[in-house]
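Engineer: Protein chains in written order, with my numbering: chain A, 118 to 447; chain B, 118 to 447; chain C, 118 to 447; chain D, 118 to 447.
Fair warning: there could be bad hints in the mix.
Which copy? The list can't say, so a pair holds if one copy fits it or any two copies do.
Said to hold, decoys possible - Here are the simulated DSSO-like cross-link-like pairs (lysine-lysine), alpha carbons at most 30 Å apart as the crow flies: (1) LYS253 with LYS191; (2) LYS322 with LYS208; (3) LYS119 with LYS361; (4) LYS429 with LYS119; (5) LYS361 with LYS191; (6) LYS208 with LYS119; (7) LYS402 with LYS361; (8) LYS200 with LYS322; (9) LYS119 with LYS351.
In short, the hints are calculated from the structure, not lab data.
Number of protein chains: 4
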Amino acid sequence: MKRIAIITSGGDAPGMNAAIRAIVLSCHEQHIECLGFYHGYNGLINDEFIFLTPELVSPIIQRGGTILKSARCKEMHQDEGVKQVANTLTKHQIDALIVIGGDGSFRGMMALQSDWSGNLIGVPATIDNDIACTDKTIGFASAVNTATQAIDNIRDTANAFERVFIVEVMGRRSGHIAFNVGLAAGAEAILSFENCNLNSLEQAKSHLITQIQSQLLEQHTGFVIVLAENLWPKGPHGLQQTLKDTAGIESAVCVLGYIQRGGSPCPEDRILATELGIEAVSAAKNSTGMMVGKVNGQISRHCIIRATEQNKPVDQALHSAYHHMSKLNN
Amino acid sequence: MKRIAIITSGGDAPGMNAAIRAIVLSCHEQHIECLGFYHGYNGLINDEFIFLTPELVSPIIQRGGTILKSARCKEMHQDEGVKQVANTLTKHQIDALIVIGGDGSFRGMMALQSDWSGNLIGVPATIDNDIACTDKTIGFASAVNTATQAIDNIRDTANAFERVFIVEVMGRRSGHIAFNVGLAAGAEAILSFENCNLNSLEQAKSHLITQIQSQLLEQHTGFVIVLAENLWPKGPHGLQQTLKDTAGIESAVCVLGYIQRGGSPCPEDRILATELGIEAVSAAKNSTGMMVGKVNGQISRHCIIRATEQNKPVDQALHSAYHHMSKLNN
Amino acid sequence: MKRIAIITSGGDAPGMNAAIRAIVLSCHEQHIECLGFYHGYNGLINDEFIFLTPELVSPIIQRGGTILKSARCKEMHQDEGVKQVANTLTKHQIDALIVIGGDGSFRGMMALQSDWSGNLIGVPATIDNDIACTDKTIGFASAVNTATQAIDNIRDTANAFERVFIVEVMGRRSGHIAFNVGLAAGAEAILSFENCNLNSLEQAKSHLITQIQSQLLEQHTGFVIVLAENLWPKGPHGLQQTLKDTAGIESAVCVLGYIQRGGSPCPEDRILATELGIEAVSAAKNSTGMMVGKVNGQISRHCIIRATEQNKPVDQALHSAYHHMSKLNN
Amino acid sequence: MKRIAIITSGGDAPGMNAAIRAIVLSCHEQHIECLGFYHGYNGLINDEFIFLTPELVSPIIQRGGTILKSARCKEMHQDEGVKQVANTLTKHQIDALIVIGGDGSFRGMMALQSDWSGNLIGVPATIDNDIACTDKTIGFASAVNTATQAIDNIRDTANAFERVFIVEVMGRRSGHIAFNVGLAAGAEAILSFENCNLNSLEQAKSHLITQIQSQLLEQHTGFVIVLAENLWPKGPHGLQQTLKDTAGIESAVCVLGYIQRGGSPCPEDRILATELGIEAVSAAKNSTGMMVGKVNGQISRHCIIRATEQNKPVDQALHSAYHHMSKLNN
């Protein structure tokens, strides 16, 4: 293996830079050249790239975002786009492409397999943690940290005013962030896909109202509801209206939004990114169509198809802990 | 002076606890008793209080929120409520009441002056910094820190995606937070009451669009707009729609919201709260209807009427700095 | 089970309060009373305690330190002390004692087993992570975060001055903190018990000098050495002197020290503490001489003897990652 | 003015990059070229430089350290070195040199005045805040933040163990950091040049011991002493030994050290750096031998001689607040 290419693709996540750094330093040690293409697959279509050197990547382990930029790429859904990517890789005599991103990015990899003969390796990086075959994705721990600190702040006002707060967290269609942040922030209630679905909204609502009413009577504290994005009809403002209309409960809404995506990666994400980056280079030498992951403390490789198709539920231990800590589900 | 009462009132602000601590420790040194009433003026109406001791307040200098809780109080707008407050103060033989809060809280003080003969002292605490006669209010510096860190996070994504972000910050009807945060975060544009009003919205819009279009062409970075709350018709989503409809510019919206209100106060707020708390006790001995403040590094006392009625513009130096750093106003 | 007692013992660790909270809330749900004794075993000797209620513990999930205070206790090394502890537990009709602490604290538990018939359960909490039968101890992740942020700061000066820094981190006699922090901070070298012992000091020294000299020539950056405490003769200043005497290399020393022990626990520690606290209550009902732990994502129970006697090596993946990232060991 | 040069010199301080950014952006707006020389005056001696463009400096407002590196420069104490610097400036047709640094750096400026005819402007940046003619120097507020957060962490352990901690903070020979951090952290005692000198050490010692003994008896909390560096004979370990020998008081020592120098600058420092950077460019056009500063909220220019020679005492308000909060001085 003489030359590899790297892209970061899809939603950015803290630790993407640490992964780039690990890949480049690891390649440097093994005398492999690294080309970084910009803006995900778009950079491969438009032939925008940079030679990645140890000097360039050494200081980026602690930086959020991605020095290679990121983007979604519609062209990858069409044969024409995939072919252009393959052409660019062939033109630059790339032996392997390492894709740092989430499941959309990995589907791009799979599309590319039939048009390009080089090795394709995925490194799972998304704050949503919704990729199977790895306990955590790069960026997830940092997002949980950021969101928890934000709720710690909100908690001050919630307690000072003995008020109900609805805090929307990210997660796309999974509750990994919601459950971790909810437990860590000591949220009085967590509403996510795992404990609440379209059929049980009515039930969840009436439980929630009972819980709020009983706690506000008994204790003089705030009441924080962590709400997964894309769950409640019309989002947090929908829930706010429901609480008011049904039970006369006033509440305030916070949408944490993009602050969860950025910031300096926490040590856990930097270490995970370093380990997976090293493994990705190793995997790129003799395998393709694989995602590297860390399961039960072991670095491992997994068929990319499995990683994207398999469901990844929220830890049972978290559910169980929430069940004990909260009366919502009783 | 044998006994004072303290309330925290209106929106909570980081450093309120540090002010309570300073008042209590200062009183303790001078053998003055301290009663803390809960929930602002409501606690004075409902006679809910606690004796504040050095042991209780020693460890709270670093805590956000307020151990005395806070609330708005509608009853203070009516004679009946004001009389109840006066009765409670008289009943407990309070010599002076120290009110930690913003201008709404100070108007309550003024209403109370005719019904109660004790001394009334205000300590300015609000993240909005919209109170005259003090360079900064308690909580303002911490809110600026929190909002700036949040935008540092958003910047990572903005740059990775070379995307436009509209970030709404607090400030009620003033731009202190917007200008400080905008400059500190290196925002490409700041839209606030001071540089943009109902009559100039059209102009501001076309300037902004020109600026965005020219920068996105030239440089490969994100573009962050800091928007003061209550300024733009329909808020940040209104601006987002305007940018899209008028010029086809896509953007993402973040409303920082309540995270700006909480969190451990920064050293500047802790020190200001300590200095003003000490001065408040000193002022309570021989004056009434005064607010304590810090102007040009000097601790001072000001007629509460002036403090609430006078306008407090954003520093000219900030305007000027923004003018230099941004092409928006050129 | 009607009544349990809790102590926090040995070095404090972020997350101890979260564990107390989980135990108390879990007990409350099951109608079990909780007594918290102060200052570790000393509070059991001196009969100093408090009734722990949900109201008291609800807001402490985010606080560093321990509301039950901690201490070392010499009396527990003598029969007399152990008997006094047993007497106090019997006097208060305690059914089970939950000890939150490290291996010294667990040895106290074992000593107590012959003198008291109640159930004894250990919850592993120490920043050093040197307890077997749990992947991480409570407090470890927070300490790694704090130390990494500190080195991020030092890195700024190290790079600005292109200077060598020796940073001593905690860990007692293990390298968990050193390796995690070293990797996360992108340290140029890590010196710990695992890759350096008394017999290999000479070799480590000459490797280090070669590495420093070659890097400072090639690249214009700082050089950060993470050094485990208790490793190098005369500590970091000993190493500083050695570098100067042997090779004329100037360096600066930072001893991170106690800042690693405190601060608000990170979400990972809060969640771990919550899960282990709940499990401890469950275990206390029908078992004794056990430590609760989390291994490969599963909450589990382990004989306390095994937990204290077994060695807990630093993850092989970390060693391997460091090996790749650094030329020191080549 | 067509071309200016910038150096950062002496100890690095958070906000130096924000100052560089403001200077470069301001120059760009006015069509002035900017050369950045590396390693302070050494880069001017060795002719090491970079052209500074808006693209390069735009994203550095939030970064600690200095992209221009820093260093002390012995050669500037000798005529030969000064002449070499002058030659380099002449060779590159530099119209003005802006020096970002502390008083050592400004003395270099003064030495250069006789050998070079261009304009010389100083921007005060040092965490020590020991430069007159500006209320705060760039970096000071960030250092106070970092040190206060560190003591917040230490406080957790101090309180958990009811133990005495001696925490050494930076400041060279002034107590600005010590007093601000001490007040903000709620330190029980502050020992600095301003309230303690060689003649009064005995007295300070006996006061301190009395205070510790009385507090540890009365309250169950820790006792934190903030100690200015370079004050106590043999430093914090000397004080530790004294407390033990004289009164049998055990204590723990923390030397915060270099962590105070680095990290992302706080908003206050970023804004100050931006304002002073803009003013420096403006001043460089028509004046020389001046330092820019901010006094009572006004940006201003001051003769560099006055700035370096005048003493800058710690705020009287801080002394007075400490006096009230602590019994040490009574």
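Engineer: Could you run down the list of hints and mark each one as holding or not?
Structural biologist: Comparing the hints with the structure gives:
1. LYS253 with LYS191: Close inside one copy (27 Å), not across copies (42 Å); limit 30 Å.
2. LYS322 with LYS208: Neither: 58 Å inside a chain and 45 Å across chains, both beyond 30 Å.
3. LYS119 with LYS361: Intra 63 Å, inter 41 Å, cutoff 30 Å: neither.
4. LYS429 with LYS119: Answer is neither: 35 Å inside a copy and 39 Å across each miss the 30 Å cutoff.
5. LYS361 with LYS191: between (41 Å within a copy, 20 Å between copies)
6. LYS208 with LYS119: For LYS208 and LYS119, the Cα distance is within 30 Å only inside one copy (14 Å; across copies 45 Å).
7. LYS402 with LYS361: neither (59 Å within a copy, 43 Å between copies)
8. LYS200 with LYS322: neither (50 Å within a copy, 41 Å between copies)
9. LYS119 with LYS351: This pair counts as neither: shortest intra-copy Cα distance 52 Å, inter-copy 46 Å.
In this structure, the earlier hints numbered 2, 3, 4, 7, 8 and 9 are contradicted, and the remaining ones agree with it.
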